[in-house]
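Next come the chains, spelled out residue by residue.
2 protein chains.
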Amino acid sequence: MTLDASWFTEIAPGEGIALSLRGARKLHAEQTPFQTIEIYETETFGTLMVIDGCVMLTDRDNFVYHEMLVHPALFSHAAPRDVLIVGGGDCGTLREVLRHPEVASVVQAEMDERVTRLAEQYFPELCAANADARARFYFGDGIQWVKAAPAASLDVILIDSTDPVGAAEGLFAAPFYAECLRALRTDGLMAQQSESPLLHAQLIRNMHTEFRQVGFSDVKTLTFPQVTYPSGWWSATLARKQGEIAGFRRLDAENRLFPTRYYNAAIHAAAFALPTFLRDALFR
Amino acid sequence: MTLDASWFTEIAPGEGIALSLRGARKLHAEQTPFQTIEIYETETFGTLMVIDGCVMLTDRDNFVYHEMLVHPALFSHAAPRDVLIVGGGDCGTLREVLRHPEVASVVQAEMDERVTRLAEQYFPELCAANADARARFYFGDGIQWVKAAPAASLDVILIDSTDPVGAAEGLFAAPFYAECLRALRTDGLMAQQSESPLLHAQLIRNMHTEFRQVGFSDVKTLTFPQVTYPSGWWSATLARKQGEIAGFRRLDAENRLFPTRYYNAAIHAAAFALPTFLRDALFR
Numbered sequence: 001m002t003l004d005a006s007w008f009t010e011i012a013p014g015e016g017i018a019l020s021l022r023g024a025r026k027l028h029a030e031q032t033p034f035q036t037i038e039i040y041e042t043e044t045f046g047t048l049m050v051i052d053g054c055v056m057l058t059d060r061d062n063f064v065y066h067e068m069l070v071h072p073a074l075f076s077h078a079a080p081r082d083v084l085i086v087g088g089g090d091c092g093t094l095r096e097v098l099r100h101p102e103v104a105s106v107v108q109a110e111m112d113e114r115v116t117r118l119a120e121q122y123f124p125e126l127c128a129a130n131a132d133a134r135a136r137f138y139f140g141d142g143i144q145w146v147k148a149a150p151a152a153s154l155d156v157i158l159i160d161s162t163d164p165v166g167a168a169e170g171l172f173a174a175p176f177y178a179e180c181l182r183a184l185r186t187d188g189l190m191a192q193q194s195e196s197p198l199l200h201a202q203l204i205r206n207m208h209t210e211f212r213q214v215g216f217s218d219v220k221t222l223t224f225p226q227v228t229y230p231s232g233w234w235s236a237t238l239a240r241k242q243g244e245i246a247g248f249r250r251l252d253a254e255n256r257l258f259p260t261r262y263y264n265a266a267i268h269a270a271a272f273a274l275p276t277f278l279r280d281a282l283f284r
Numbered sequence: 001m002t003l004d005a006s007w008f009t010e011i012a013p014g015e016g017i018a019l020s021l022r023g024a025r026k027l028h029a030e031q032t033p034f035q036t037i038e039i040y041e042t043e044t045f046g047t048l049m050v051i052d053g054c055v056m057l058t059d060r061d062n063f064v065y066h067e068m069l070v071h072p073a074l075f076s077h078a079a080p081r082d083v084l085i086v087g088g089g090d091c092g093t094l095r096e097v098l099r100h101p102e103v104a105s106v107v108q109a110e111m112d113e114r115v116t117r118l119a120e121q122y123f124p125e126l127c128a129a130n131a132d133a134r135a136r137f138y139f140g141d142g143i144q145w146v147k148a149a150p151a152a153s154l155d156v157i158l159i160d161s162t163d164p165v166g167a168a169e170g171l172f173a174a175p176f177y178a179e180c181l182r183a184l185r186t187d188g189l190m191a192q193q194s195e196s197p198l199l200h201a202q203l204i205r206n207m208h209t210e211f212r213q214v215g216f217s218d219v220k221t222l223t224f225p226q227v228t229y230p231s232g233w234w235s236a237t238l239a240r241k242q243g244e245i246a247g248f249r250r251l252d253a254e255n256r257l258f259p260t261r262y263y264n265a266a267i268h269a270a271a272f273a274l275p276t277f278l279r280d281a282l283f284r
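So the sequences go chain by chain: A and B. When the letters of the first sequence are read in order and numbered with the working numbering, they come out as residues 1 to 284. When the letters of the second sequence are read in order and numbered with the working numbering, they come out as residues 1 to 284.
Each hint should be verified, as a subset may be incorrect.
[As the list claims (entries may be wrong)] Below are the SDA-like pairs computed for lysine to any residue, each with C-alpha atoms no more than 25 Å apart in a straight line: (1) Lys26(A) to Thr9(B); (2) Lys26(B) to Lys26(A); (3) Lys26(B) to Asp4(B); (4) Lys147(B) to Arg185(B); (5) Lys26(A) to Ala178(B); (6) Lys26(A) to Ala12(B); (7) Lys26(B) to Leu3(B); (8) Lys26(A) to Thr2(B); (9) Lys26(B) to Thr9(A); (10) Lys26(A) to Gly16(B); (11) Lys26(A) to Glu15(B); (12) Lys26(A) to Leu3(B); (13) Lys147(B) to Ala178(B); (14) Lys26(B) to Ile11(A); (15) Lys26(B) to Glu10(A).
Don't read these hints as lab results, they were simulated from the structure.
Based on the sequences and whatever the hints tell you, model everything.
Shown next as structure tokens:
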């Protein structure tokens, strides 16, 4: 079968796979100082944002990614009060963070303001919490923001970035992790999107090595399905400054007063179970 | 971006999504009395078998599906001795079943002998156990095989079929489940591939309803990633004749003497955790 011009296709060139979505009508395209952003309306996945040819999010399946980057990290912290998001310009991560009543302040440090402006226009439901008084927006270099942050001033850092090439490459490197470690309080932790467990096990292994090298005391990876990312399977990697990542506020997770569509307490515990091949890739 | 003729593409027409694999060189194609079977060599996923335009398996990712259809079911049974596979012509499920030393006899009841003959030729590693003295091959209607089976003669029935259309439709229906119930011993259970949790939640719900209607006492669904199936996420649904599907032979799973690449005891427990939206779809 062949695909005509009514399909949007993302090719993962190194992997020899491609995903296509039907009925992709282009609503908007622009070149920002940082990247090319396109917005499409698809037939079955709703609105689609594409950056430099890669699917960033769709209406239909972004809930899994956003919930699994945020809630395992926040329920793994005893009292997450001050949170930083690096990247996350579509504001979906911010919205999930703000669902936690313990959170007193969140900064979203996104390089490209246009991502956020387009999200406000095309993904209004992700931006529903942007007016929350606890939220602050910084448009600029997240690495510089962390460098300038006072020591021990943050409880949770969430890295919601694009793939580790170009501008995002520095977010997957030891010098940045060292700055995060410094900015975190003793019981602080970070969570970073860490690509596909099947396709990028070596990247995840390197992340574990570098988190530990700079002094994080525990590192764990969780996985979740993500239909519109290459391989349909994705991961987040958590690193804790002191102590282990083991257990979480299970009662709070079970009795949470906000809705989730993927996350729940059973999923939290289950997501950290690693397939044999990934356990071997990470720890052998 | 566009895909040229060097890509194999499977369109999931009802879902508006398509997956493509690069460098698909056709090695074989034939029309059997039942279906069209094609074999390709791909660049990054190895050999690919396609039936009626749908990906059946690739070298690279079939291990997840085969392990997750077989091992949770077999380790959930106290002593799986007599096993039936309905479908499973590629012999990957058979190979995983035969890894269990408790198994004394396995019948693979596949409609289309050509699937097995082509698997022997193009997927020899999946057929590595075909000469095992415990294995028997029946090429014909699996539904009739179950009808003809003596009552209470089987411990585990595994339904490893194509999608629930055409010949496989009868495998997703109450009359077949009733025959399976009859053929199972009191502590017997079955496991059936049950499509994508994201795309086919209604089908899975119907399966739960029908398993219970015919008298199965417990039904549970597990999920796993499956890169080359639509949505990249798949499921199996287990049904037990009497008693609950809860707990499993954890020590045996941990100390298993055979290799697995996805399955392990932690994954077994974790796979049954249901995302909130699926829990709602199945049980509300």
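Hint-by-hint comparison with the structure:
{"no.": "1", "hint": "Lys26(A) to Thr9(B)", "verdict": "holds (23 Å)"}
{"no.": "2", "hint": "Lys26(B) to Lys26(A)", "verdict": "violated (34 Å)"}
{"no.": "3", "hint": "Lys26(B) to Asp4(B)", "verdict": "holds (15 Å)"}
{"no.": "4", "hint": "Lys147(B) to Arg185(B)", "verdict": "holds (15 Å)"}
{"no.": "5", "hint": "Lys26(A) to Ala178(B)", "verdict": "violated (50 Å)"}
{"no.": "6", "hint": "Lys26(A) to Ala12(B)", "verdict": "holds (22 Å)"}
{"no.": "7", "hint": "Lys26(B) to Leu3(B)", "verdict": "holds (16 Å)"}
{"no.": "8", "hint": "Lys26(A) to Thr2(B)", "verdict": "holds (16 Å)"}
{"no.": "9", "hint": "Lys26(B) to Thr9(A)", "verdict": "holds (23 Å)"}
{"no.": "10", "hint": "Lys26(A) to Gly16(B)", "verdict": "holds (16 Å)"}
{"no.": "11", "hint": "Lys26(A) to Glu15(B)", "verdict": "holds (19 Å)"}
{"no.": "12", "hint": "Lys26(A) to Leu3(B)", "verdict": "holds (19 Å)"}
{"no.": "13", "hint": "Lys147(B) to Ala178(B)", "verdict": "holds (10 Å)"}
{"no.": "14", "hint": "Lys26(B) to Ile11(A)", "verdict": "holds (21 Å)"}
{"no.": "15", "hint": "Lys26(B) to Glu10(A)", "verdict": "holds (23 Å)"}
Figure legend: structure checked against the earlier numbered hints; hints not met, in rising order: 2, 5.
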